[in-house]
Amino acid sequence: MSATEQHKVVDSRGSFCPGPITDLFKAYRSSQLGDVIELLATDPAAKADVTAWAQKSGNELLDIVDEQGYIRIIVKITKKRG
Amino acid sequence: MQRVVVVGSGDGGTFTANLLASQLHDEIRGGLAEVQLVGEHLEHPFQPGNLDVAFKGASPDKYVKDETELLRKEVEFVQDPAVRIDLPSKTVTTKSGRVLGYNFLVIATGAVADPSKIPGLAEGAMNFHTGPQASHEIWEALQRFEGGTVVVAIAGTPHKCPPSPNEAAFMLDEFFRKRGMREKVKIKFLTPYPRPYPAEKISHVVEPMFTGKGIEVTTFFNVDSVDPVQRKIYSMEGETFDYDMLIAIPPHHGADVIINSGIGDADGYVPTDKGTMRVVGQEGVYCIGDATNIPVSKSGVVAHLQSVVVAHNIAAEMENSKDLLEYNGRINCPMEVGSRRAIFVSATYTSPPTDQTPSIVKYYMKRSFAIIYWRALNGSLERIFDVFFGKTRYPATSQTEPEKPLMMTSASEGGGKRDE
Numbered sequence: 089m090s091a092t093e094q095h096k097v098v099d100s101r102g103s104f105c106p107g108p109i110t111d112l113f114k115a116y117r118s119s120q121l122g123d124v125i126e127l128l129a130t131d132p133a134a135k136a137d138v139t140a141w142a143q144k145s146g147n148e149l150l151d152i153v154d155e156q157g158y159i160r161i162i163v164k165i166t167k168k169r170g
Numbered sequence: 004m005q006r007v008v009v010v011g012s013g014d015g016g017t018f019t020a021n022l023l024a025s026q027l028h029d030e031i032r033g034g035l036a037e038v039q040l041v042g043e044h045l046e047h048p049f050q051p052g053n054l055d056v057a058f059k060g061a062s063p064d065k066y067v068k069d070e071t072e073l074l075r076k077e078v079e080f081v082q083d084p085a086v087r088i089d090l091p092s093k094t095v096t097t098k099s100g101r102v103l104g105y106n107f108l109v110i111a112t113g114a115v116a117d118p119s120k121i122p123g124l125a126e127g128a129m130n131f132h133t134g135p136q137a138s139h140e141i142w143e144a145l146q147r148f149e150g151g152t153v154v155v156a157i158a159g160t161p162h163k164c165p166p167s168p169n170e171a172a173f174m175l176d177e178f179f180r181k182r183g184m185r186e187k188v189k190i191k192f193l194t195p196y197p198r199p200y201p202a203e204k205i206s207h208v209v210e211p212m213f214t215g216k217g218i219e220v221t222t223f224f225n226v227d228s229v230d231p232v233q234r235k236i237y238s239m240e241g242e243t244f245d246y247d248m249l250i251a252i253p254p255h256h257g258a259d260v261i262i263n264s265g266i267g268d269a270d271g272y273v274p275t276d277k278g279t280m281r282v283v284g285q286e287g288v289y290c291i292g293d294a295t296n297i298p299v300s301k302s303g304v305v306a307h308l309q310s311v312v313v314a315h316n317i318a319a320e321m322e323n324s325k326d327l328l329e330y331n332g333r334i335n336c337p338m339e340v341g342s343r344r345a346i347f348v349s350a351t352y353t354s355p356p357t358d359q360t361p362s363i364v365k366y367y368m369k370r371s372f373a374i375i376y377w378r379a380l381n382g383s384l385e386r387i388f389d390v391f392f393g394k395t396r397y398p399a400t401s402q403t404e405p406e407k408p409l410m411m412t413s414a415s416e417g418g419g420k421r422d423e
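Chain order of the listed sequences is A and B. Quick note: the first sequence uses this note's numbering, first residue 89, plus one each step. Quick note: the second sequence uses this note's numbering, first residue 4, plus one each step.
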């Protein structure tokens, strides 16, 4: 990651669909190519939603980690207009 | 003298002021209390009526009444918009420079639909979220439309009235069928969500109906910009679609007075306790409706149900009572799906969505809301609503789960916070 690329943590724990994916999109809107977004969610649907979005949009799903009581989903922004 | 200032004269502000006036009737008559409602406009619109204006040709003034006709006589209406709320000094400053002190404050400043937030959107798209006149422009454009691609796009979340984008697509389909020109029109629905409606159970109802009516859906489409000259809409994800007519739900943010007063979050929404409706960290300050940061539908029903809680809690606080109430997150958003059928998107913080079937009864119930709305604002229909909505509030101290709604249990908008 270069000096200008950012690592953002988006905490959506306690929020249920479509809260986590909406929070991810908010971070995506203000992101640049190379940024990494780490989404924390308790809603299990976030896994499928983020996976489907990354697959369709061409962004890179780096990891999905089951933590104690929540999920950590890590996405690298590799596709964004502008 | 106990002074309550309500800022914002939309659905929630008007109803809260009337409820407080009713509950504090004796105190107000005795000069012991005062209720002031601060608002900008004399015209009070029934906002769901915008869909009728846009897609059924209702007159732009059909769903508008004079604010003063809607208020109880005990309420002082200050038609002078608030420009500053100063919580430490407990004052509200209006545009003309009037400074209103308060003991209790209710923030009901709503959300602002702002097309300028997306490049090209204001120039390239029409909308039915910025008022009856903007909605009328859609109707006029439909009269001139001879065929092509109509795109309905959600250009920002959260937005007022979550079912309204889907309703717009259904109503467009019906409009073109009635005109005998449906085969000349492609209707495209662009949504940032993973499915046609954010709540999965409701999407199970909407998706096959969209398919059956030939309404094309593109998911994960986060609007980046619009080229009004080339008539193209672009997503952040890299997709592009051409359009001949673009109807977009603009991004929303909190009111200017909240942003300028530095009391909102990054989007200008006020951090609010989802139960008591108290502004976080503030005594005697409440927030309701679209102005809050609570992840629940931005809709009139929500503001209405929260108003009941807030009016009760303020009256209780005046009497130094600990008998506060909490709102249970009940939402109830009607969605018209064409052919005189509708569903009700309803849920609570703890009741997830359930499947349902579109019905003609719900359609006529939805249509009747436009009539009873005006009477509902003065509180005279609360007993009926209590039966219809079931239990929507419970004692703040009990921490017990709210009872299930009595009727129409169905679906959530999603995005809410579950009770831990």
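Take these hints with a grain of salt, some might be off.
As the list claims (entries may be wrong) - Some, not all, of what chain A presents toward chain B, calculated at C-beta under 10 Å:
| no. | residue |
| --- | --- |
| 1 | T92 |
| 2 | F104 |
| 3 | W141 |
| 4 | K168 |
Derived by calculation from the structure, the hints in this document are not laboratory data. This one's a predicted model, so the numbers in the text were calculated from it and none came from an experiment. All C-beta atoms in this analysis are idealised placements derived from N, C-alpha and C, irrespective of residue type, glycine included.
May I ask you to test the interface hint for W141(A) with respect to chain B, counting a Cβ-Cβ separation under 10 Å as satisfied? Constraint on W141(A) satisfied, holds at 5 Å.
Grab the minimum C-beta distance from T92(A) to chain B and call the hint holds if it beats 10 Å, violated otherwise. 19 Å, violated
Against chain B, run the beta carbon of K168(A) and see if the smallest gap drops under 10 Å. With a minimum Cβ separation of about 6 Å from chain B (threshold 10 Å), the hint on K168(A) holds.
Chain B contact restraint for F104(A) - C-beta distance below 10 Å: At 6 Å from the nearest chain B Cβ, F104(A) passes the 10 Å test, so the hint holds.
Consistency note: the structure conflicts with earlier hint 1 alone.
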